[in-house]
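Novice: Quick note, the sequences are listed as chains A and B, same order.
According to our numbering, the first sequence holds residues 1 to 96 in order.
According to our numbering, the second sequence holds residues 1 to 745 in order.
Keep in mind that a hint or two might mislead.
Claimed, not checked - Capping the alpha-carbon separation at 25 Å, the derived lysine-lysine pairs in DSS-like fashion look like this:
no. : chain 1 : residue 1 : chain 2 : residue 2
1   : B       : K495      : A       : K36
2   : A       : K9        : B       : K224
3   : A       : K36       : B       : K272
4   : A       : K33       : B       : K224
Keep in mind that the hints were calculated from the coordinates and are not lab data.
From a predicted model like this one, the values you see are computed outputs, not experimental measurements.
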Amino acid sequence: MLNGWMRKKCCPCAVPKGAGQNRLPLCEAATGKRFKVACIDGGRHLCARMASLGIYPGVEMELLCAGCGCPCLVRVHGSTLSLGAGVSDKILVTAS
Amino acid sequence: MNNGNEQYLIALAGNPNCGKTTLFNAVTGARQHVGNYPGITVEKKEGFYQLNGSRLRLVDLPGTYSLTAYSLEELVARDFLVQERPEVVLNIVDACNLERNLYLTVQLLELGIPVVLVLNMVDAAESRGIEIDVEELSRRLQLPVVPTVARTGRGKDDLLSTAARMASEKRGWAPLHISYGPDIDPALDEMEKEIARLSFLTEALPSRWTALKYLEADEQVIAKGRETHPELSSRLEAIAARLTDHLQKTLESYPEAIIADHRYGFIAALLKGGVVTEKNKSDRLYLSDQIDRVLTNRLLGPVSMMLILYMVYQFTFNYSALPVQLVESAFSMLGNRMDALLPEGLIKSLIVSGIIDGVGGVIGFVPLILFMFFAIAFLEDTGYLARVAYMLDRVFRTFGLHGSSVMAFIISGGIAGGCAVPGVMATRTLRSSRERLATLLTAPFMNCGAKIPVFAMLIAAFFPKNRASMMFLLTLLSWMAALFLAKLIRITILKGPSTPFLLELPPYRLPTFKGLLIHTWERTWQYVQKAGTIILAISILFWALMTFPGLSEKKKVRFEEARQEILAGVPPELREMTARGAPEGQTIPAVVADARERILALDHEEAQTALKDSFAGRIGTAMESVSRWSGFDWRTNVALLSGFAAKEIIISTLGTAYSLGKVETGDDLSLSERLSNDPLWNPLKAFAVIVFIMLYAPCFATITCIIKESGAWKWGVFSMVFNTSVAFLIAVLVYQGGRWLGLGT
Ligand SMILES: Nc1nc2c(ncn2[C@@H]2O[C@H](COP(=O)(O)OP(=O)(O)O)[C@@H](O)[C@H]2O)c(=O)[nH]1
């Protein structure tokens, strides 16, 4: 019953042409560093839920534990969020 | 102020883990009522407070991060605010993390509802060196701000009088206007005008708020719009779609993200300039983070998790053993008293075997459940449960479940000896409905404390040399069955993508004892209420099935004649003693002892015949044509049938069916012996029976819980039919496969 515009992916997440724009999925990033969310490669609903928890393009966050693989912990807007594998691999980040 | 006798509705709103429940308990104490919101499992708590003659009705809303309809909790909270229109909302925020917590505040303010900001956990904030200028914050937000410590009750009175004063002022709703930047603002203005022109929802909601919901693709609001103002709705949707498209192309972003960014921007500006000062604002690791370094570590995490879960298990089962025993002996004493007091007959049988045994069996679990819920409440309130879910999510996800499913499995008997009733109830911590249903349908496959004695009896009879390894094998089997059947359910009837795992990990906190007790008590009380109603009816039903229609007159006469015959063989002066039993301390002549034994054997045979002739016995006999595939005869069938009422009854029914009289759990050796000598039984059949018992329909207490927790009868029926079919199928496979391999002779 929902129209296309509400279903679509929230970001196009196209591979950027320019050099130096190293985007990588959050679960491949290094622990303890700060990152900036470049885009989120998910459906509108997931993106919206993430936004309500403070994860959206442009926000800065710190990866607390990546050694654990794709499920990981991030610190964003002052609190710790745990992200499952299906979430963290959809978040593309750049070093900040 | 007010002239008394007024009632004000006051809602408590806040993020999960902000201390909302603790504050609610501190204010209302024991005068609260826990129920569910109609039709769903989100709990609704209400309490009253008397203040200077006016009555405050406090409602605890579910913890949420936003007021957009992304989850059931958010929907419930929003509907309550919009429909019930409370006079005041107490917005509880964690003072240690204002930035995130104020996000909900901003949304409440945009709605326009009168808010009192409750700055909770100021004690924790102080110890972290966070200073908050309460007056300045209050001035900037233009609302009352009250610092509190919910754990100790500090600030409670101030809060209540502030709330009552604000309620009595009966303010109108005054929505806050936030700017969302050059892209969104024009669209919002345009939509606002359209909404205002047609007065769509404007009697209850600010038009800018409705416009925002359209931009956020809020399904509930859009559905409402399409229903009442289809034309307006399509125009609004067109604007929203255009904007969404534009944002995607130009910014690689989407409306929710821009909106969230501006709200956080608003909050950052609000807190700047000395409202919040952090003394040691380095990248200092707080204690909580340090604990997490160990407890969620890749290697140490799972190890400590095993240890902690094992401790929970030990705590629950060791400490509840004594009270469980006490309750059981209280019931058996009651049974014995009734046995002695009441005259022989149906009424006595109904009261003793139907009501007391049935309800006793259920109430007997209460101490166990109490301890279990206490342990869970502890893990939950400290914040550890969220970590467990996080660590186990990967494993459980493979089977279509969720990290939080593990608790339900363990409680149900994952380490052998739990109980599926609290297990099913523990699935409440799961948010998403598909995973939750799959969990509560498969948790009963675990080896609960009632199945264990049955297994122990059969193992003693047929696998006496490998007791421990058999038990271990059964535990493994039940986990495998539960996980694979969960997967089966998730790829068939509960098909659908897994909910993405996205959870805030609250900082570790020490729970209050009072909070734990209230938590525990609420959940236990719900269980007890159930025992009083449905379970009573079911145990009476089963009693009737196994009692009626009773022996035919002809057979009764035959047994009586046989008894008289034995009596006739005893010298006349000893007949009295044979019939009544010898007085205390008197030696019994051999002839009397012998006759008494034969009469007892006759009694047992009569009981067996009566059972075979009862409705349950007839059903069991009729089922033989099917059950012979798995090697079960009518005796086994009746016993399994009685296991529907409660698994531990299987032993006593088998006892009756094998003419052993009443066999108590625990002294089942004679039954073990009897079975191992029976030509119809062999290790293969025993194993088939064990597998069947492990997997077949949950007991009625569990089924009642499944119905209650899932909110639908069909899941109760499903678990009965599905589990029994699976159990039968596997039992047939075991039995026929074993025979094919030449076993079981
Ligand atoms: N230090 C401190 N801890 C608190 C305070 N209020 C609540 N807590 C603790 O915070 C945890 C979460 O509280 P709870 O009321 O369950 O949060 P809810 O999820 O918002 O209902 C519990 O362990 C409480 O004991 C407070 O004012 N100060």
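Novice: Could you grab the alpha-carbon distance between K9(A) and K224(B) and see if it respects the 25 Å cut-off?
Specialist: holds (24 Å)
Novice: Mind checking the alpha carbons of K33(A) and K224(B) for me, to see if they're no more than 25 Å apart?
Specialist: This hinted pair is violated, its Cα atoms lying about 45 Å apart.
Novice: K36(A) and K272(B): Cα distance at most 25 Å?
Specialist: holds (22 Å)
Novice: Just to be careful, I want the Cα atoms of K495(B) and K36(A) compared with a cutoff of 25 Å; is the pair within it?
Specialist: violated (35 Å)
Going through the hint list in order, the structure does not satisfy hints 1, 4.
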